[in-house]
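Participant: One-letter residues, chain by chain:
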Amino acid sequence: MDYSEKVMDHFANPRNCRKMEDANGVGTVGNPTCGDLMTIYIKVEDDVIQDISFQTFGCGAAIATSSMITEIAVGKTIDEALQISRNDVADELDGLPPVKMHCSNLAADGLQAAIENYQENNQ
Amino acid sequence: MYLDNSATTQVSKEVFEEMKPYFMEEFGNPSTLYKYGRESKKALDLARQRVADALNAKPEEIIFTSGGSESDNMALKGIAFKYLNQGKHIITTEIEHPAIKDTLKFLEGFDFRVTYLPVYENGIIKVEDLEEAITDDTILITIMHGNNEIGTIQPIEEIGKIAREKGIIFHTDAVQTFGKIEVDVEKLNVDLLSLSSHKINGPKGVGAIYIKKGVRLIPLIHGGGQEKGIRSGTENVPGIVGFGKACELAANQLEEHQEKLSSIRDELIDKVLSTIPEAHVNGDMENRLPNLVNFRFKAIEGESLILLLDAKGYQASTGSACSSNKLEASPVLTALGLDPVDVHGSLRISLAPESDKFDVDEFVDTVAQSVSRLRQMSPLWNQDIDYDGVMCKKHGDDCRMC
Numbered sequence: 001m002d003y004s005e006k007v008m009d010h011f012a013n014p015r016n017c018r019k020m021e022d023a024n025g026v027g028t029v030g031n032p033t034c035g036d037l038m039t040i041y042i043k044v045e046d047d048v049i050q051d052i053s054f055q056t057f058g059c060g061a062a063i064a065t066s067s068m069i070t071e072i073a074v075g076k077t078i079d080e081a082l083q084i085s086r087n088d089v090a091d092e093l094d095g096l097p098p099v100k101m102h103c104s105n106l107a108a109d110g111l112q113a114a115i116e117n118y119q120e121n122n123q
Numbered sequence: 001m002y003l004d005n006s007a008t009t010q011v012s013k014e015v016f017e018e019m020k021p022y023f024m025e026e027f028g029n030p031s032t033l034y035k036y037g038r039e040s041k042k043a044l045d046l047a048r049q050r051v052a053d054a055l056n057a058k059p060e061e062i063i064f065t066s067g068g069s070e071s072d073n074m075a076l077k078g079i080a081f082k083y084l085n086q087g088k089h090i091i092t093t094e095i096e097h098p099a100i101k102d103t104l105k106f107l108e109g110f111d112f113r114v115t116y117l118p119v120y121e122n123g124i125i126k127v128e129d130l131e132e133a134i135t136d137d138t139i140l141i142t143i144m145h146g147n148n149e150i151g152t153i154q155p156i157e158e159i160g161k162i163a164r165e166k167g168i169i170f171h172t173d174a175v176q177t178f179g180k181i182e183v184d185v186e187k188l189n190v191d192l193l194s195l196s197s198h199k200i201n202g203p204k205g206v207g208a209i210y211i212k213k214g215v216r217l218i219p220l221i222h223g224g225g226q227e228k229g230i231r232s233g234t235e236n237v238p239g240i241v242g243f244g245k246a247c248e249l250a251a252n253q254l255e256e257h258q259e260k261l262s263s264i265r266d267e268l269i270d271k272v273l274s275t276i277p278e279a280h281v282n283g284d285m286e287n288r289l290p291n292l293v294n295f296r297f298k299a300i301e302g303e304s305l306i307l308l309l310d311a312k313g314y315q316a317s318t319g320s321a322c323s324s325n326k327l328e329a330s331p332v333l334t335a336l337g338l339d340p341v342d343v344h345g346s347l348r349i350s351l352a353p354e355s356d357k358f359d360v361d362e363f364v365d366t367v368a369q370s371v372s373r374l375r376q377m378s379p380l381w382n383q384d385i386d387y388d389g390v391m392c393k394k395h396g397d398d399c400r401m402c
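As given, the protein sequences belong to chains A and B, one line each in that order. Quick note: the first sequence uses the working numbering, first residue 1, plus one each step. Quick note: the second sequence uses the working numbering, first residue 1, plus one each step.
A hint or two may mislead.
Said to hold, decoys possible - In silico lysine-lysine, DSBU-like type, Cα no more than 35 Å apart, as pairs:
1. Lys6(A) with Lys312(B)
2. Lys312(B) with Lys19(A)
3. Lys6(A) with Lys357(B)
4. Lys6(A) with Lys212(B)
5. Lys271(B) with Lys19(A)
6. Lys271(B) with Lys126(B)
7. Lys298(B) with Lys43(A)
8. Lys298(B) with Lys19(A)
If you're looking for bench data, these hints aren't it; they were derived computationally from the structure.
All chains, full assembly: derive it from the sequences and hints.
Facilitator: Structure, rendered in structure tokens:
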């Protein structure tokens, strides 16, 4: 795979890769049958994402996008975080191979699922 | 350390030296009558003899092609179109190389019917299944000798015997076995057999097909009538010369290499299985190639593993969908009945005679560290996660993943 240096950096040195025990929002997206499954954990306080982490089963791109979204989303309000798109994540990584744009670029969906879970928990 | 010799091998020094004169000095067209042409023709004859000797065939039964894929295409299309008035049924297995599988799909478009014999957990067909599948309409059986992903070896001799009794033409793709184990066309009872040069330290872009004397087929490439009219086109003389030399070398050292490689392979298997939890070998433990092993590791994805190993200087491959151009999980591993998650966690190691400097301990340590690292990152490792129905809700039916 022709990955950018940034993708390889986030793959080799993933940021915030851990299970979060005290998360108040958890979202899992993907499908292990296709080789990608991602869980995003968030801790929201005063409408702001104070902490975010991930666990991912998947290819280099899946791990790198997971890692990247934790950097993008931390400190953002819920509304701001919901605006983060798949393309934003790919752009921040200096692009992804075209074949990976759809299948492994799951992190924005994962974050959204985690936020939805937080909102359900706090209704 | 290059550990992907089932993908391709390095051209050996002896082979390269043998080829060299045929680029500039001896550049003649073998079909011409003057000196240059005669020298090239002589080189072709020698190469043909060497290939034939390595197979226990006659030189006139060897037709040079551009490689394994062309040989497979020639065998299948050539026989199907030759005998379409006698029958339209072909038998194969679920784990053939794409050059077979996709050619058969093409033939299905011309109303041929294809039976895909199942392989079981061990990656080997049952001869009874074959016997049951044969009908009066069956014109061709094509079953690979050694599998390119898991290395399992099919009972070709027995299959050939059945085909012969029933008067059905039998082809085998021996691209992975040739030069690794004995491939004797007489013992194997085959009518057609595909070979490739670049899997045995020969150059790329050249291969051959063995066509038993008396077997007729329709050519794929029409033209100047080279290769007895079966494969037109001016011969790839340097490539064929290199292939011939590679065959000679492989045949002369077959037993020695077999012994050396299978002992490294067995050491590798023992160490991986004893060091790494939830590690398994895919495919039969007995009937397998000496130079290939396919592992699977629970809860990790193969492309990530390949990237980590590459960063440590090891080049290997995986059957994970994420690493394939088609984003399709390995049909071979799927045919073994594996859980899709396990298919993604596969690692293929394939050795060559020059792999003797391979430090198995060091490699297994690296694999163990990489697997453990990926497992720590994986939500599937040691966690009871219910992922049924967890899909990207956004894309619904349009999603490739859903």
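Participant: Find the hints from earlier in the document that the structure breaks and name them by number, from lowest to highest.
Facilitator: 4
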